[in-house]
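Peer 1: Sequence:
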Amino acid sequence: MAMFVFTGIVWKEEKEYSALCPELDVTSQGKTSAEARKKLLEAATLHLEGSFEDGLPYLRPTPSEEDPRNSLPAKSLDVFKFKVDVAIKAYA
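For the sequence shown, my numbering gives the first residue as 128, with consecutive numbering after it.
With a straight-line Cα cutoff of 27 Å, these simulated DSS-like cross-link-like pairs (lysine-lysine) come out:
(1) K139 - K166
(2) K208 - K165
(3) K158 - K202
(4) K165 - K210
(5) K166 - K210
(6) K208 - K142
(7) K139 - K158
(8) K158 - K142
(9) K139 - K210
(10) K166 - K202
The calculated label-pair distances, taken between Cβ atoms and stated as ranges, are:
(11) G177 - V132: 17 to 27 Å
(12) F179 - A201: 32 to 42 Å
(13) D194 - T159: 15 to 25 Å
(14) F207 - K142: 19 to 29 Å
(15) E141 - E180: 29 to 39 Å
(16) K208 - P184: 15 to 25 Å
(17) E141 - R196: 18 to 28 Å
(18) E180 - A201: 28 to 38 Å
(19) M130 - P184: 12 to 22 Å
(20) G182 - T159: 34 to 44 Å
(21) S178 - F207: 20 to 30 Å
(22) K165 - M130: 13 to 23 Å
(23) F179 - K142: 29 to 39 Å
(24) L173 - E140: 20 to 30 Å
What the hints contain is simulated information worked out from the structure, not anything from laboratory work. Keep in mind it's a predicted model, so treat the numbers as computed, not measured. Backbone N, C-alpha and C fix where the C-beta goes; we use that ideal spot for every residue, glycine too.
From just these sequences and the hints, can you work out the full model?
Peer 2: Here you go:
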């Protein structure tokens, strides 16, 4: 298994929480911050597995103008690191 470490960002929208992994440009939403985080981990894992299976690049940085760290006040953002374990299958 390969271990990857990424950045997660969660912020409050009008009715829900949004989450983003800026290294992968993967997003999620949830009714709570914890739910948005959990869904972000699931989305990042699926993105990585699909990229590896299809032989595609997995890093896809979010454009800076779409990164909430550049447009929202820092106090409204919850920035954290998360780890993803991905089983990489080797094919001959």
